[in-house]
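Protein chains in written order, with the working numbering: chain A, 1 to 326; chain B, 327 to 885.
If you're looking for bench data, these hints aren't it; they were derived computationally from the structure. Worth double-checking, as some hints may not be accurate.
Stated by the list, open to error - Facing chain A, a subset of chain B residues (Cβ under 7 Å, in silico):
#, residue
1, ALA484
2, PRO499
3, MET504
4, ALA507
5, THR508
6, ASP590
7, THR594
8, ARG643
9, PHE655
10, ALA656
11, ARG830
12, ALA837
13, ASP841
14, ASN844
Glycine is no exception: its CB is placed at the ideal position from the N, C-alpha and C atoms.
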Amino acid sequence: MAQDTEVDLAEPDRRPVLRPMSRWQRFRRDRFLLLLGLPGVLLVLLFQYVPLLGNVIAFKDYQPYLGIVESPWVGLDNFAIIFNGDPAFVNALTNTLIISFVQIVFVFPIPIALALLMNSLLSERIKRTVQSILYLPHFMSWVIVVALFQHMLGNAGLYNTWARANDFFEVNVIGDPDLFIALITSQVIWKDAGWGTIIFLAAISRVDIELFESVAVDGGGRIRQLWHVTLPAIRPVIILLLILKLGDVLTVGFEQIFLQQGPVGLQASEVLDTYVYNRGIVGGNWGTSAAVGLVKGLVGTVLVLGANKVAHLFGERGIYSSKKDL
Amino acid sequence: MMMQRDMGRRRFLQLGSGIGLSAVVGTGLVACGGDSGSDDAGSATGGPGGNGQTPDGGGRVVLPTYQRFDGIEPDLPGDEHGVPDAYFSYPRPANPSTDGPPGSGGVVRAMFGITTTVPPAMGRNAHWQGLNERLGVELQLNMMPMSDYPTTFQSSIAGGDLPDLVQVAPTTPRLPDMLEATFTDLTEYLSGDAVLEYPNLANLHPYAWEHCIYNNGIYAVPMLNLRAPNNMHVRQDIVDAKALNGDPADAEEFFELCQGLTDDRANTYALAQPTAILNNFITRMFEAPVGWSADGGAFVNAWETEEFKAALEYTARLWEAGIFHPDSFAGANHSQLFRSGGVAMMAEGGLHYRSVLADEVPGLDLTFMAPPLADGGGYAPVVHGTGVYRLTAIKQGLDEDRTRELLRILNWLAAPFGTEEYLYLNFGVEDEHHTWDDNQGVPDPTDKLGTERTPVDLVVRPPVPVFDPAYPQVAERFYHHQKQVVPNGISNPTAGLYSETEDRSGQAFNAPVSDAINEIIQGRRPITDWDQVIDTWRNSGGDDARGEYEVAFEERVNS
Chain A
1 MAQDTEVDLA EPDRRPVLRP MSRWQRFRRD RFLLLLGLPG VLLVLLFQYV PLLGNVIAFK
61 DYQPYLGIVE SPWVGLDNFA IIFNGDPAFV NALTNTLIIS FVQIVFVFPI PIALALLMNS
121 LLSERIKRTV QSILYLPHFM SWVIVVALFQ HMLGNAGLYN TWARANDFFE VNVIGDPDLF
181 IALITSQVIW KDAGWGTIIF LAAISRVDIE LFESVAVDGG GRIRQLWHVT LPAIRPVIIL
241 LLILKLGDVL TVGFEQIFLQ QGPVGLQASE VLDTYVYNRG IVGGNWGTSA AVGLVKGLVG
301 TVLVLGANKV AHLFGERGIY SSKKDL
Chain B
327 MMMQRDMGRR RFLQLGSGIG LSAVVGTGLV ACGGDSGSDD AGSATGGPGG NGQTPDGGGR
387 VVLPTYQRFD GIEPDLPGDE HGVPDAYFSY PRPANPSTDG PPGSGGVVRA MFGITTTVPP
447 AMGRNAHWQG LNERLGVELQ LNMMPMSDYP TTFQSSIAGG DLPDLVQVAP TTPRLPDMLE
507 ATFTDLTEYL SGDAVLEYPN LANLHPYAWE HCIYNNGIYA VPMLNLRAPN NMHVRQDIVD
567 AKALNGDPAD AEEFFELCQG LTDDRANTYA LAQPTAILNN FITRMFEAPV GWSADGGAFV
627 NAWETEEFKA ALEYTARLWE AGIFHPDSFA GANHSQLFRS GGVAMMAEGG LHYRSVLADE
687 VPGLDLTFMA PPLADGGGYA PVVHGTGVYR LTAIKQGLDE DRTRELLRIL NWLAAPFGTE
747 EYLYLNFGVE DEHHTWDDNQ GVPDPTDKLG TERTPVDLVV RPPVPVFDPA YPQVAERFYH
807 HQKQVVPNGI SNPTAGLYSE TEDRSGQAFN APVSDAINEI IQGRRPITDW DQVIDTWRNS
867 GGDDARGEYE VAFEERVNS
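Use the sequences and the hints to build the structure in full.
Okay, here's the thing in C-alpha cells:
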C-alpha cells in the first residue's frame with residue numbers, strides 16, 4: 001500500500017516554529033492553560049498517586065484496627081501464594097489467562113465489525129436508533145445482566161420452562177462448567193459490544209470523504225473502500241485499544257464471575273480476582289490481596305509497555321511515543 | 327464460615343433480581359435471617375466463652391447475672407434453653423421498665439446495618455423524634471443495608487472515626503484483637519451482679535453473653551437471635567392440595583413427600599436450597615455433628631463423619647430426582663419462590679416467616695417441619711446457633727459517666743415485650759403509628775409505622791418473643807415448633823473458641839470442600855471422591871485448626 005494513501009489522524013500541527021522558545025517563555029505563554037489544568041492534576045495526584053503509597057500493606061500483615069503504621073512487617077510473606085505453586089492459584093491464573101485470551105480473540109473485534117456495519121447504514125435515523133439500542137446494555141450493572149440471563153436461559157428460566165411444558169428441547173447453558181467461558185463471553189459481548197463501537201465510529205467519521213471518492217473513481221467497490229481506506233484509517237485506534245486491553249489481561253471482571261460461580265464450581269470459574277477475594281478479603285488478609293493486586297499491576301504495566309514497544313518496532317504510534325521513538 | 331461465600335453471592339443475586347424482578351425488602355431479610363443460622367452453625371470466630379458453663383474462679387471473667395424479666399405472664403411460656411415466650415395480646419396500659427429518660431441531653435451516634443429499608447431522616451420522622459425525646463438524647467443513626475455494612479465497618483475502623491455505638495458482626499476477622507484494640511472493655515460494668523443496674527440487659531440469656539467475651543473481657547452487648555436459627559418452612563396449603571403426608575417419619579417418607587411436591591412441567595419443586603437444606607435439615611436427619619464435635623476433647627469435623635457422607639449422598643439423590651429447583655445453585659430466590667408456590671418448602675431463619683406472612687399471599691398456609699430421624703423413630707436434634715445475631719460495642723476512650731449513660735440507653739432499648747418502651751419501639755404512638763384492636767387486645771399498625779419505624783432493634787433487643795397479632799394461628803404453630811425442636815438441639819463446640827488458622831485461612835481450605843459438596847450434589851463428581859477431598863482438607867489446614875480448637879477447648883475446661 002502506498003504511503004501517501006495513509007491517513008494519520010493524530011498527526012499534530014507541524015508548522016515550523018520561527019524561533020525556538022525557552023522553557024520559561026513557553027511557561028509564560030501557557031500559564032493560564034496550566035492554571036486551568038491544575039485542579040485536575042491535584043485531583044489525580046490526590047486520588048491516584050497518593051493512594052499508591054497504600055501498597056506498602058503488601059509487605060505487612062495489615063489489620064484495619066491497627067492501622068498501616070502499626071501493622072507488623074512481614075517481608076514477602078504475602079507474595080507466597082503467588083510463588084508457592086498452590087494448585088488453586090495456578091487454576092485461577094490459568095482460567096484468567098484462558099478467559100482473557102478468548103475475550104481478546106472473540107470480544108475485541110466485535111465492536112470494530114459492528115462499527116463498520118453501522119457506518120454502512122445509509123439512513124441516519126436508523127443508525128441512531130440502532131446505536132441507542134446497542135448502547136443500552138452497557139448501562140446495566142452486572143447483577144442485572146446476570147439475573148436477566150438466568151431468567152431467560154436458566155434451567156427454570158423463561159425458555160426452559162416453556163420447553164418442558166411443551167416437550168420441546170431444553171437448553172442447559174447456565175450451570176454447565178464446559179459452557180462457562182462461552183456464557184460469560186457472550187454476556188460481555190451482549191453488554192459492551194455496542195458501547196465499544198463509539199471510539200471506532202468516531203475514528204471512522206473523521207476519514208476524509210474524498211478518499212472514498214478516489215477509490216470509487218478508481219473503480220473500487222465497498223470492499224476496496226473498506227480495505228484501503230477505512231481500516232487503515234482506524235488502525236492506530238485499534239492498536240491503541242489492543243495495547244490498553246493487554247494491560248487488563250489479568251483482570252476479567254470480578255462481579256460477573258463471582259455472581260455465577262455457584263452452579264459451575266471453582267474449577268471452571270475461579271479467576272484471580274475471585275481468588276483474591278475469597279482468600280484475602282474474606283479472611284481479613286488484606287496484605288495478601290494488596291500483594292496480588294500489586295503483582296497484577298506490575299504485569300499489566302510491563303505488558304502495556306512491551307506491547308507499545310512492539311508497536312513502535314512495526315512503525316505504529318502505540319499509546320504514546322517519545323521523541324526518540326518517532 | 328463455609329457458607330459465607332455462598333451467602334455473598336446469593337445476596338448479590340437476590341438484590342439483582344430484587345431490583346429487576348421482585349421486592350427488595352423481602353430479599354434483604356432472606357439474606358440476613360437465613361444466613362445468620364448458617365453463620366452461627368459454622369462460625370469459627372469467637373471468644374473464649376463456653377457453652378453452658380458457669381465460669382467463676384480460674385481468673386475467667388464472670389458472666390452477667392441472668393435475671394429474667396417477670397413483668398408480664400406469657401400466654402405460652404418459653405424456657406431457659408431458648409424457647410421463646412409467646413403472647414397473643416399486649417398489656418394495656420403497658421408499664422415502663424425504666425424510670426425516665428436515660429440520657430443527659432447530648433448526642434449519641436450509632437452505626438449499624440439493617441434488614442429493612444432505611445427510614446426517613448430524623449427531621450421527617452416522628453417515630454425517631456419521639457425516640458429522642460424518650461431517651462433524652464439526640465440519636466444520630468447511620469443505618470445502611472446489611473450487605474453494605476462490612477465495608478463501611480472496616481473503613482470506619484481503619485479511619486478511626488467511630489460513633490459511640492457500633493454494630494459488630496461475630497464473623498469479623500481477628501475479632502478478639504480487633505475488639506480489644508478498638509472498643510471499651512465493659513467487664514466492670516456488666517460482669518456478675520454489676521449488670522443488675524441495667525435490668526433489661528440482665529434479662530438477656532447467658533448463652534448470648536458467652537459470645538460477647540473475648541480476650542477475657544466483656545466487649546459487647548449481644549443482639550439476640552432465636553436459639554434454633556433455622557427452621558423448615560412448609561406451604562401446608564400445597565401439601566394438603568396434593569394430599570401428601572406433611573409429617574414424614576423417616577428419610578424415605580421425606581423423599582416421597584418431596585417427590586409428591588415436585589412437578590417440573592408446572593415448574594414447581596419441593597426445595598430450592600441444596601446446601602442450606604443439607605446443612606440445616608438433612609445432616610440433622612442423619613445425625614451428623616454441627617461443624618465440629620468434641621468427643622472428650624478430641625475434635626472431629628462433621629465432614630469427616632460417615633453421617634455427613636450419608637447425608638450428602640442422600641442430598642445428591644434428591645438432586646438427581648429433580649426435587650430441587652434447577653436454578654438452585656444459580657441464585658434462585660427461594661423466598662420469592664416459596665411465596666409464589668414455585669417451591670413448597672424452604673429452610674430459613676427464625677423470624678423470616680413474618681416477612682412471608684406480611685406479604686399476604688392468597689391461600690398461603692404456613693407450617694414448620696421438624697427433621698425426622700433418617701431411620702425413623704422420632705425427630706432429629708436440630709442445630710443450636712449461638713443465639714446471637716450481631717454484637718454492639720462501645721467505642722474506646724469514653725469516661726465512666728458517658729459509658730454508663732450509653733449502657734442505660736442500651737438498657738432502655740432492650741426493654742422486653744409487654745413494656746411501654748417495647749410498645750413504642752415496635753408500634754410507635756397510638757392513633758399515629760397504630761390503632762388499638764380491642765377485640766384481640768393488640769396494636770394494629772398503620773402505614774405510617776411501616777415507613778417510619780426506626781429499627782434500633784438492630785442495635786440491641788430483648789429476647790425475641792413470638793407475637794404475630796395478625797396471624798395468631800401461625801404464631802402458635804411457630805411456638806410449638808420451637809418447643810419441639812429447641813430443647814432437643816446440638817451446638818458446635820467451637821462456638822466461642824478461637825482458631826487463628828480457621829480465621830486466617832479457613833476460607834482457603836474450606837472452599838474446595840464446599841465446592842466438592844456442590845459438585846457431588848449435582849452429580850458431577852462421584853461420592854467416592856469424598857474421602858480424597860477430606861484428606862486434602864486435613865492436610866491443607868483442617869488438622870491445624872483441629873489442634874488449635876483442642877488446645878482452646880482444654881483451656882476452657884481447665885479454667
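Verification of the hints:
Restraint check, B/ALA484 versus chain A: the minimum CB separation of about 4 Å is within 7 Å; hint holds. The beta carbon of B/PRO499 is positioned within 7 Å of a beta carbon in chain A (closest approach about 2 Å), and the interface hint is therefore held. Interface hint at B/MET504: satisfied, since its Cβ lies 4 Å from the closest Cβ of chain A, which is below the 7 Å cut-off. For B/ALA507, the interface hint holds, the least distance from its beta-carbon to any beta-carbon of chain A being 5 Å, beneath 7 Å.
Taking 7 Å as the C-beta contact cut-off toward chain A, the hint placing B/THR508 at the interface holds, the least distance being around 5 Å. For B/ASP590, the shortest C-beta to C-beta distance to chain A is roughly 6 Å, which falls under 7 Å, so the interface hint holds. Contact between B/THR594 and chain A, as hinted, is not supported at the beta carbon level, the nearest pair being about 10 Å apart and thus beyond 7 Å. With a least beta-carbon distance of about 19 Å to chain A, the hint placing B/ARG643 at the interface is violated under the 7 Å criterion.
At a threshold of 7 Å, the smallest CB-CB gap from B/PHE655 to chain A is about 4 Å, leaving the interface hint in force. With a cut of 7 Å, the hint placing B/ALA656 at the interface with chain A holds, because the nearest CB-to-CB distance is about 4 Å. Look at B/ARG830: its Cβ gets to within about 6 Å of chain A, closer than 7 Å, so that hint holds up. A hinted interface residue such as B/ALA837 counts as satisfied when its beta carbon comes closer than 7 Å to some beta carbon of chain A; here the least separation is about 6 Å, so the hint holds.
Because the beta carbon of B/ASP841 sits about 5 Å from the nearest beta carbon in chain A, less than 7 Å, this interface hint is met. The beta carbon of B/ASN844 is positioned within 7 Å of a beta carbon in chain A (closest approach about 6 Å), and the interface hint is therefore held.
Checked against the numbered hints listed earlier, the structure breaks hints 7, 8; every other hint is satisfied.
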